[in-house]
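A.B. asks: Sequence:
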Amino acid sequence: MQTDELVSVSYTKEECSIVCNSNITFDESIVIEREDGWRCLKIEGVLDFALTGILANIATTLANHEISIFALSTFNTDYIIIKEEKLEKATAVLTEAGHHVSN
1 MQTDELVSVS YTKEECSIVC NSNITFDESI VIEREDGWRC LKIEGVLDFA
51 LTGILANIAT TLANHEISIF ALSTFNTDYI IIKEEKLEKA TAVLTEAGHH
101 VSN
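In terms of the UniProt record's numbering, the sequence shown opens at residue 1 and continues consecutively.
In short, the hints are calculated from the structure, not lab data.
Keep in mind that the hints are not guaranteed to be accurate.
Stated by the list, open to error - Here are the computed lysine-lysine pairs in the DSS-like style, where the Cα-Cα straight-line distance is at most 25 Å: (1) K42 x K86; (2) K42 x K83; (3) K89 x K42.
All chains should be built: construct the whole structure from the sequences, respecting the hints.
C.D. replies: See below:
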């Protein structure tokens, strides 16, 4: 599923990363780096921690077609973030591999 509802905040000793819809704005004085033009695909359903290889399968399928990803995981599921210009190709590749991709 394509989603614009994801907001992820990751904080480490070196950085604070915020991943969100480009429509969300921040005070430019606090933004060090920003990169727009990404789209998000959500793996539907709650993923049991005993399940293995789901994200790896999707990542490998896309990598085999030279589509790089930025993966984010939450407690319930995973998100695959892809550059907007690669979304159509990624959708076709995943569909061909047997994955269901919906809007």
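A.B. asks: Run every hint past the structure and note whether it holds.
C.D. replies: A quick look at each hint next to the structure:
1. At most 25 Å may separate the alpha-carbon atoms for a hinted pair to count; K42 and K86 meet this at roughly 16 Å.
2. Of the supplied pair hints, the one linking K42 and K83 holds, its CA atoms being roughly 14 Å apart against a limit of 25 Å.
3. With a C-alpha separation of about 16 Å, the suggested pair K89 and K42 falls inside the 25 Å cut-off, and the hint holds.
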